[in-house]
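Start from chain A and add chains B and C according to the hints.
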Amino acid sequence: MTRLAVRKTYKLYIGGAFPRSESGRTLVVEGANIARASRKDLRDAVRIARQAGAGWWGMTAYNRGQVLYRIAEMMEDRHAALSAASSEAEVSRAIDRVVWYAGWADKLAQTVGSSNPVAGPYFNFTVPEPTGVVGIIAPQKPALLGLVSRVLPVIVGGNAVVVIASETHPLAAIELAECLATADVPGGVVNILTGQRAELAPVLASHMDVAALDLAGADGDAAELERLGAENVKRVVHGHPDRQSLYEITPFLELKTVWHPVGM
Amino acid sequence: MVPAEKHGRTAAVVSKWDYAPAPEAKDIVKIQDRYGLFIGGKFVEPLSKQHYTTIDPAHEEPLAEVAQAGKADVAKAVRAAREAYATTWSKLRPSERAKYLYRIARILQERAREFAVLESRNGGKPIRESRDVDLPLAAAHFFYYAGWADKLEYAFPNRKPRPIGVAGQIIPWNFPMLMLAWKIAPALAAGNTVVLKPAETTPLTALLFCDVLRQAELPPGVVNIVTGDGRTGAEIVAHPDVNKIAFTGSTEVGKAIQRALAGTGKRLTLELGGKAANVVFDDAPLDQAVEGIVNGIYFNQGHVCCAGSRLFVQESIYDAIISKLKRRMSTLRVGDPLDKNTDVGAINSKMQLDKITSLVQSGIDEGAEIYQPPCKLPERGYWFVPTVFTNVAQSYRIAQEEIFGPVLSVLTFRTPDEAVEKANNTPYGLSAGVWTEKGSRILAMAQRLKAGVVWANTYNRFDPTSPFGGYKESGFGREGGLHGLEPYLAFDE
Amino acid sequence: MLATRSIKKASKVFALDLAIRCMDLTTLEGADTPGKVAALSSKAIRPDPTDDSIPSVAAVCVYPNLVPTALERTRGTGVKVASVATAFPSGQAPLDVKLQEVRDVVAMGAHEVDMVIDRGAFLSGNYAKVYDEIVRVKELCAGKAHLKVILETGELGNYDNVRRASLLAIAGGADFIKTSTGKVTRNSELPVALCMLEVIRDVHEETGRVVGMKIAGGIRQSKQAVQYLVQVYETLGPAWLTPDRYRIGASSLLNDVLMQLRKEKTGRYQNPDYFTVD
Chain A
1166 MTRLAVRKTY KLYIGGAFPR SESGRTLVVE GANIARASRK DLRDAVRIAR QAGAGWWGMT
1226 AYNRGQVLYR IAEMMEDRHA ALSAASSEAE VSRAIDRVVW YAGWADKLAQ TVGSSNPVAG
1286 PYFNFTVPEP TGVVGIIAPQ KPALLGLVSR VLPVIVGGNA VVVIASETHP LAAIELAECL
1346 ATADVPGGVV NILTGQRAEL APVLASHMDV AALDLAGADG DAAELERLGA ENVKRVVHGH
1406 PDRQSLYEIT PFLELKTVWH PVGM
Chain B
70 MVPAEKHGRT AAVVSKWDYA PAPEAKDIVK IQDRYGLFIG GKFVEPLSKQ HYTTIDPAHE
130 EPLAEVAQAG KADVAKAVRA AREAYATTWS KLRPSERAKY LYRIARILQE RAREFAVLES
190 RNGGKPIRES RDVDLPLAAA HFFYYAGWAD KLEYAFPNRK PRPIGVAGQI IPWNFPMLML
250 AWKIAPALAA GNTVVLKPAE TTPLTALLFC DVLRQAELPP GVVNIVTGDG RTGAEIVAHP
310 DVNKIAFTGS TEVGKAIQRA LAGTGKRLTL ELGGKAANVV FDDAPLDQAV EGIVNGIYFN
370 QGHVCCAGSR LFVQESIYDA IISKLKRRMS TLRVGDPLDK NTDVGAINSK MQLDKITSLV
430 QSGIDEGAEI YQPPCKLPER GYWFVPTVFT NVAQSYRIAQ EEIFGPVLSV LTFRTPDEAV
490 EKANNTPYGL SAGVWTEKGS RILAMAQRLK AGVVWANTYN RFDPTSPFGG YKESGFGREG
550 GLHGLEPYLA FDE
Chain C
536 MLATRSIKKA SKVFALDLAI RCMDLTTLEG ADTPGKVAAL SSKAIRPDPT DDSIPSVAAV
596 CVYPNLVPTA LERTRGTGVK VASVATAFPS GQAPLDVKLQ EVRDVVAMGA HEVDMVIDRG
656 AFLSGNYAKV YDEIVRVKEL CAGKAHLKVI LETGELGNYD NVRRASLLAI AGGADFIKTS
716 TGKVTRNSEL PVALCMLEVI RDVHEETGRV VGMKIAGGIR QSKQAVQYLV QVYETLGPAW
776 LTPDRYRIGA SSLLNDVLMQ LRKEKTGRYQ NPDYFTVD
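Protein chains in written order, with my numbering: chain A, 1166 to 1429; chain B, 70 to 562; chain C, 536 to 813.
Calculated from the structure, these hints are not laboratory results. Don't be surprised by glycine CBs; every beta carbon is placed ideally from N, CA and C. Incorrect hints may have been included.
[To be verified] Taking lysine-lysine and the DSS-like style, the derived pairs with C-alpha atoms no more than 30 angstroms apart in a straight line are:
id: 1; chain 1: B; residue 1: Lys409; chain 2: C; residue 2: Lys543
id: 2; chain 1: B; residue 1: Lys118; chain 2: B; residue 2: Lys99
id: 3; chain 1: B; residue 1: Lys95; chain 2: C; residue 2: Lys543
[As the list claims (entries may be wrong)] Between beta-carbon pairs, the in silico distance windows are:
id: 4; chain 1: A; residue 1: Lys1205; chain 2: B; residue 2: Arg402; range: 54 to 62 angstroms
id: 5; chain 1: C; residue 1: Glu799; chain 2: A; residue 2: Trp1424; range: 54 to 62 angstroms
id: 6; chain 1: B; residue 1: Phe560; chain 2: A; residue 2: Glu1294; range: 30 to 38 angstroms
[Unchecked claim] Beyond 10 angstroms from chain B on every Cβ pair, some chain C residues (computed):
id: 7; residue: Tyr598
id: 8; residue: Ala628
id: 9; residue: Met643
id: 10; residue: Gly707
id: 11; residue: Val738
id: 12; residue: Val745
id: 13; residue: Arg755
id: 14; residue: Lys758
id: 15; residue: Ser786
id: 16; residue: Arg797
id: 17; residue: Asn806
If we strip away everything but chain A, and leave its shape as in the complex, we get:
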C-alpha cells in the first residue's frame, strides 16, 4: 500500500512565527493553498519589524554576520526542498549570494564610513546606520534568487524588512522563511507576506512607518508607488533582481556625522 503524504500548510512569516492571514483567505498558486495576506497583516508586520529592528541593530556586526551565514547553512541543508520550488542551479547561486552578503556585516563601517579632516580642532567621523523598516516588493522571477538578492543587502545593513513575495511563485519565499526561522534570525527582522501584489503594494508604499521602498518587483505600478511613498519622504530604490554589489546595500543606509572638540 502506498503511504499518504502529510502536506505542508503554507502560511505567512511574521515576527518569527507562521500565522495564517487574519483575513482567513487563501489563493491557489503553484498547486497549493497560499495564505492571502491582508492590509492588516501588513500593518502588523510593519509594527513588528520596527520593534525587531532595534534589537537587530543592537547586535554586534560580527553577530549579525554569523546569523546571516547561518541562513546559508540552513539553505544548504534544505537544498533539495528549495530546489523543488525553484531549481538546483538557482539554489546554489542563492546560497552563495547569502554568504557573499553575510561577509559585509562587519565591513560596512570601514568602507562606507570615514573620519573627516575638518579645518578645525575637532574630531569628526561618519558612520553608516540602517534607515529603518524597509518595504520590499520582491521580483516575480527568479523567485528564490530574486528574493535573496533583495532581502540580504537590506538586512545586512541593520534594517528590518516587510516583503511582498512573488505572486506567481510564492512557494520559494515560504521555503526561505523556514530557513530564516531556523537560522537564529531574530523574529521580525524579516517578514514575508504572500498574496496579491495589487492589493498589498499600495498599502506598503503609503505606510508612514516604512522608511524605504524597494520596487524591484514592481512593474506597471512603479510610478504610482513612488508617488505614494513621497508622503513620508521614503527612500525609493529600484533594486536589481540578480546582482551582488556593495551598492545594493548602501541605498538603505543613513550616514551620521559626529563632531567633538580636541583639546587638553
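Coordinates of chains B and C only, in the frame set by chain A:
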C-alpha cells in the same frame, strides 16, 4: 513555635573564604606523544630527524615531542606552498576561498574548548583568558577575513589587488592561536599560501589546528606548519621562494630579519615589542582606572607586547591610586592555569622567568621601591608574583626595557603635556592608555601619543576589524581591519 | 575580566548557607494578607522542614499594614521584621505623609525600616532635599530601628549617579544602602552593586564608619547570589559577610538555594515540588 536556639543562628563572622579548586577538564583534548611537520596536507617525519620536547610550564611536565625543522624541511614546505598556490589556490574563485575560511572559523568555534585547554596547558595562560578571549577572537578573525576574500576590489578600488604568492609567517608564544589566526586568515583571504612556524615553546595548538584544516578539507599545501626554534625561523626568512615575511616577536629578532631581507625585494611586516604608557588623569573614575591598570599589566601575566607597563599617574591622585592598586593586586589569584578561578597563570618558560627576575632585581638595585602582595606560589612550575615598582625614574631599566612579565613601573606627572612627553620618550610605540572623563582630552591625547593603538578608558581590547600595529621600533604594518589585507596583496599602483 | 569566579563544593555550600542567613524574605504585593505573611514567616524561620541544618533567614520584609502579623509570627525566633516606608516604591508623596508612615512603623515595633529616596528630586539636582529627607527619617529611627535607604539604581541612569546617591544616603545617616525596590524593570545588577560597595569601602577607610549593603530585585538564582557574595568578599573582605552588614532581598531565591543545597548533599538535581511554597 519552634525554639529560637534550633533555628535562629547567630551570624558567625568568617575570616577567610577559600574558593575550592575549579579545574577545567583536561581530557577534552588528546595530545599525541609525537608530532611531525604538516606539509602538503599531511604530517610527515622531519628530514632533519630531530625532535625536541615541549612542556607544560605550570607543572614542568613534558607534553609531547615535536619536530625541529631543518633547512631541507623548510624547503619542502615552501615547495608545497608554491605548488598549492600555482595549481589550486590562485585558481579558485575567491568566493570559494571565502567558504574554506568560513568553514575553518565555524570549526574553530565548535572545538573552542578543546583548543582553550591545550593553549593553557602548553603556554601557561589562565583558562579564563584562553576560553573567553583568545579562542573567540581567533575564530572571529577567520570569520572576518573570510568575508573579504571575494570583496578585495571594494577594499582597494582601482588598484587591482592580487595575491603575492607564498607567505612565511613566524609567531610568538604569548597568544599562540590568536597570532596564528592574525597571520593565516588575511594571508589566505588575499589568495596567498602559507608556511607558518609557531613559537618554540607553544607548538601544540598550531599542530591541533592542522586537524581543523583536515576537517575543513582545505586543499593540501595551502597551509603548512613547521615547528622548530629560531633556526627554523631563519631558514624561512632566508628561503628565496618566500615572497613575504610576517613576524611577531622581539624587537631584537625583528631587526635581524629586516637586515637579512635588505635588498631581496621581499615584502615584510613586523610586530615587535612595546613599553606602553598608561596615563591616569585626576578626573578619571579611580576604581575603574585601577581595573584598567591591572588588566593592562597583569592580563596574560604581562606577556603582552602592548601591555601597559609604565603607569603615569597625575600627582594629585597618586596616593589614592597606589593604595587602591595594591589592594586590588592582593585579590589576584596566581595558580594553575586550568583552574577557572586563576587570574594570573604561569610564566611561559624558564628563560623568560630568568629574564623577568633579572630585570626586577635591576629595579631594586637602581633604587625603585618594590611591592608584591602576599602570594602563595605552587612548588613546581614557573611563577612570578604580580609586582609594582614605585619611585621609578624614567632612566631605570625597568622603565626603559620591555620586561614581558607581571611587573608594573609607576611614574608621576603634573601636567598633560608632561605626560605626553614622557609617554612618547621611548623607542617603542605600540600602544598607550588614557584615563580621563574629558572627551576632548581623550582625543587630544590620542592625537599626540605616538602609538599605533590608543585605548581610552579601557585597555587590551582587540577586534578583527580594528587595525593593530606599532610606530617606531614596535614594528611596521597593521593587522586587523581592511588595512590588515594590504601587506598580503600586490597592486598595480 | 579579572573578577569572575567559579565557586565549587565546600565553598559553594558555605556561600549558599550564607545567602540564606543574609536573606530578607520579602512579600510586597497589593494582595498581601495576614495569612500570606504568616506563611512567609514560617518559611523564614524554618525554610526547609525536612532539614534541621538549614538556618533561618535574617528578616522578613513586608508593607506597613502587615508588620503586626509579621512581628507576632516571628517573636522569639531571631528573625527580624523589616518594613518598607516613605510611600514605597515611588516615594512620590508629601514629606509629612512619608514621615508619619515611618513614625507608625517604628511605633509598631518593626526592627528595620527600608525607605526610598526621592528620585524625582535627585534627578532634578535637588540633592539637599534628598539629603534632608534621609536625615529626618533617620531621626525617627535612631535607637529603635535600623535604616536602609533604597537608591532605586535602575532609575538613576549611570554609575556616577549611583555613587553620588550612595554618598548622600550614607551622609544622611543610612545604616544600609540598598539597590532597588524590586518594583521597576531594572533592579540589582553586579556592576551597580560594585559601585555601591566601593563607596562603602571608601567611607570605611576614610572614617571607620561601617555601612551595610542590601541588594534586592531580580535575584532569583543561587548562582547570582553567590556572585554577589564573591563581589563583597573581594571588595570589602570577610568582615562584611554577615547579616549585620549584608542583606539579600528576595523571595523565590530561597527555594532555589534550598534546591542547590540539597543537590550538593545528595548529588541529584532537584524538583521544585519537593520544596514548600509559602
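For each hint, the structure was consulted:
Annotation: proposed proximity of lysine 409(B) to lysine 543(C) holds, straight-line Cα distance about 10 angstroms (limit 30 angstroms). Proximity of lysine 118(B) to lysine 99(B) is assessed by CA-CA distance (about 24 angstroms); at most 30 angstroms being required, the pair is judged to hold. With a C-alpha separation of about 17 angstroms, the suggested pair lysine 95(B) and lysine 543(C) falls inside the 30 angstroms cut-off, and the hint holds. For the pair lysine 1205(A) and arginine 402(B), the beta carbons lie near 60 angstroms from each other, so the given range of 54 to 62 angstroms is met.
Checked against the given bound of 54 to 62 angstroms, the beta carbons of glutamate 799(C) and tryptophan 1424(A), roughly 57 angstroms apart, stay inside it. Between phenylalanine 560(B) and glutamate 1294(A) the Cβ separation comes to about 32 angstroms, which falls inside the hinted range of 30 to 38 angstroms. Listed as outside the interface, tyrosine 598(C) is consistent with that label: its C-beta sits roughly 24 angstroms from the nearest C-beta of chain B, beyond the 10 angstroms cut-off. Taking the minimum C-beta to C-beta distance to chain B, about 34 angstroms, the non-interface status of alanine 628(C) holds against the 10 angstroms cut.
With a least CB separation of 20 angstroms from chain B, methionine 643(C) remains clear of the 10 angstroms interface cut-off, as annotated. Distance check for glycine 707(C) against chain B: the nearest CB is about 23 angstroms away, which clears 10 angstroms, and the non-interface claim stands. For valine 738(C), the non-interface assignment is confirmed: its Cβ lies about 14 angstroms from the closest Cβ of chain B, beyond the 10 angstroms cut-off. Non-interface status of valine 745(C) relative to chain B is upheld: no Cβ of that chain comes within 10 angstroms, the nearest being about 12 angstroms off.
Residue-level check passed: arginine 755(C) sits 23 angstroms from the nearest beta carbon of chain B, beyond 10 angstroms. Every CB of chain B is more than 10 angstroms from the CB of lysine 758(C) (nearest about 13 angstroms), matching its label as outside the interface. Its beta-carbon lying about 19 angstroms from the closest one in chain B, serine 786(C) satisfies the requirement of being farther than 10 angstroms from that chain. Taking the minimum C-beta to C-beta distance to chain B, about 18 angstroms, the non-interface status of arginine 797(C) holds against the 10 angstroms cut.
The claim that asparagine 806(C) is not at the interface with chain B holds, since no C-beta of that chain comes within 10 angstroms of its own (minimum 24 angstroms).
Of the numbered hints listed earlier, not one is contradicted by the structure.
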